[in-house]
Each structure stands twice: as structure tokens, then as C-alpha cells.
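Trainee: Given the sequences, and given the hints that come with them, work out the whole structure.
Protein chains: 2
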Amino acid sequence: MTPRRRDELLAAARELFLRKGYAATSIADIAAAAGASKAAVFYHFKTKESIAAELLESPFTAVSRLIERAEEQRLSPAQILTDYIDGAAETGAVFLAFASDPSTADLIPQYDADAACRRIIELLAGPAATPADRVRARAAFAVAQTVVPTLQEHAGLLDDATRQEIRAAALRALGTGGGS
Amino acid sequence: MTPRRRDELLAAARELFLRKGYAATSIADIAAAAGASKAAVFYHFKTKESIAAELLESPFTAVSRLIERAEEQRLSPAQILTDYIDGAAETGAVFLAFASDPSTADLIPQYDADAACRRIIELLAGPAATPADRVRARAAFAVAQTVVPTLQEHAGLLDDATRQEIRAAALRALGTGGGS
DNA sequence: GTCTATAAGGGGATAGAC
DNA sequence: GTCTATCCCCTTATAGAC
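So the sequences go chain by chain: V and E. Just so we're aligned, residue 1 is where the first sequence starts under full-length UniProt numbering, counting upward by one. Just so we're aligned, residue 1 is where the second sequence starts under full-length UniProt numbering, counting upward by one.
It is worth saying that the hints were derived from the structure and are not from the lab. It should be emphasised that the depicted structure is a prediction, and the values quoted were computed from it without experimental measurement. There may be inaccurate statements among the hints.
The list makes no distinction among identical chains, and a pair is therefore deemed to hold if it is satisfied within one copy or across any two copies.
[Said to hold, decoys possible] Pairs of lysine to aspartate or glutamate residues, derived as EDC-like cross-links and limited to a Cα-Cα distance of at most 20 angstroms, are as follows:
hint, residue 1, residue 2
1, K20, D114
2, K48, D112
3, K46, D106
4, K20, E8
5, K20, E49
Mentor: In C-alpha cells:
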């Protein structure tokens, strides 16, 4: 009932997609990293794409929900950044890694990480944003993205102090007090 | 004497590497984008790698020289960030794009963009850096990297005001006055 | 469920005509 | 210099034995 192998393959795929990118990772790479054969991969997953889709599903819906809440409840930039950073830290930065991997553009149309990022930046910039506002919003979002390399250096774990430090830097980059 | 075709191919390759990433861009893509055949690409360039190497050479040496100067003359974080952003804006952000494309890791050992980025972050963090210092240095560097999407939105041109805005956001993220 | 073997296609790269 | 045609390997994906 518990297909352990499947999880090992999924974990191997995640690690490789994060380190080498989606396009540069082959099914053979994934199989070898999990100590299995290529055919085993295709027994557990229909296509290479579907592996990416499975890895991305939960992180992507988390970000989507954040965007919805931000729009409906008019969350402040500080709240958006905090939620985004916490979510990224918890889901192991898969969303960010895929969003910044150009070879995954248009891979899974339902999970358009790039569009989600652009929307978040718009929300950070505010309703009547000037070009300068957008530059600052992009800067703040870029700081939030540093959870990826930070996670990699901290062996997949982000302590609270580090998370706060990233959040503070993002807010400073945004250049506001963080209020509504 | 002036092989125009070569420059067109180089320009097409740059555009595609930036948009889709190195691994996801095929020789056929490059040839089609320049209105040529695959064989034409291999007449002008020995390998696909060599195209990347040629695109990366000038931006990489610019960054290398910045690192050398920063080490020898003990440049301040503000000076390093300013130079880096200006250099990135001038070289069309090729360096940054390759540095953030995971599929180019170890492509050209001489041009290790990732190592260069880590070195710059160390220099920004300072000699006796705490973990928090490193987080802030990474944040500032991440802000500098936003020249990539910003250039893309501004059709390859960064006006002085925008450049200053990015620079200011990076310095705020770093959390210092920008002094020595 | 996992394997070996293989099909089908795309990738980088070459040969040779023009 | 540029093309068409081709080579060969690697990639995704499938078939079928165990």
C-alpha cells in the first residue's frame, strides 16, 4: 500500500530539478539517484512533466491562495511577504525554484509560476504603482526569493531568526514601513 | 570580412538563452530564430557550448575585474553594488542570466558565474560576517539581480533613474549606510 | 513492482553539394 | 557561407519477462 519507491523517486526528482534545473535533468538521472531503473520511474509516473506537476501542486496552490487572500482582504505588503517567505520555507522552495527555472516556462499551463510571481509583485507595488514602485516591489520579491539559496546552505531548514532577517531585508528593499 | 550572419546567430542565441535557458534552447531554435540552418550555426561556432562561452566572456571578465578591484582596493558594499548593477545593465544581463540558470552549472569551468556570485556576496557581507550579515548580503545581491527582469520590461534599456532605484533598494536590503 | 530490451524522436554535430 | 541530408547518441516512453 505504501509505495516507498515512489516517494524516493519524487525526492530524487525534486533534488535534481532544484540543483540542475528541469530541462537538464533526465529520467535516467532521477532513476540513478534513487537507485532504480528508468522503467521504474515510468511505472510510478506517466511522464516527466507529471513529476514536475506533482512536485509543484501543493506549493503552487499555496501561493495561489495567498494571492486570493491578498486581493480579497487587501493584505499589506508586509503580510504578503511574510506569508510568501513562510510558505516558501515550508514547501522547500520548490515553487521559487520552478519560477526561476526558465526551462519550465509553459510546462504546466495550470501552474504558471511566472504569472503568479508577476501578480505578487503587482500586489506589492500597490494599486496606482509608479515605475519606481514596481522596481521596489520587484526588489522586495527578489529578497524573498533568497530563501532558495539560504535553504540550500542550511540543509533545508530555515530557523526563525533567519526567516525574520530575510523578511526585514525584503521590507527595507520595498522602502515602506510595511503598513497598509 | 564582416560575417553579419554570425552576429545575428549570436544575438538569437542570447535572446533564447535568456528567455528559455541554455538547456531548453536547441541549435535548431537558434538557427530558426536567425532564419538560418543548423549547419550554418556550426559553420560559425564549433559547439553549442562555445556560443555560451562567447556570450559570457565579456560580462564574466567584467565581474571578475570588479571582484579583483573590490579585494585590492577594499571597495565599500555601495561601490560594489553600484559597479555590479551598472555592469549588468551594460552587458545586457547575460552574466546574471547564466548565473541563475541551473542548467549552465559547470558548463564552462573557466567562467564559473556561480562562484563569482558567491564571492561578491562574501565581499558584501564583510570580513567577519555573521550568518545575519550573509543573509543581508544575499538579499542585497538578489536586488541587484532584478536588473534582468527590469531590462526585459524596458526593452533592454535601463535609464539612470531606474538604475538608481535598484541601487538604493539593494543598499536598504543590505541594511547599512553603505559606508566602508 | 521492478527489471532488460527496445522503439521513436530529438539533440548536437558532420559530410558534401552548391 | 549556406544549404540538404545524414550520423549517432541520448532522451522520453513502452513492451514484456520475472
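Trainee: Next, verify each hint and record whether it holds.
Mentor: The hints, checked one at a time:
1. K20 with D114: both (19 angstroms within a copy, 13 angstroms between copies)
2. K48 with D112: within (17 angstroms within a copy, 29 angstroms between copies)
3. K46 with D106: within (18 angstroms within a copy, 31 angstroms between copies)
4. K20 with E8: For K20 and E8, only the intra-copy Cα distance (18 angstroms) is at most 20 angstroms; the inter-copy one is 29 angstroms.
5. K20 with E49: Both, since 16 angstroms and 16 angstroms are each at most 20 angstroms.
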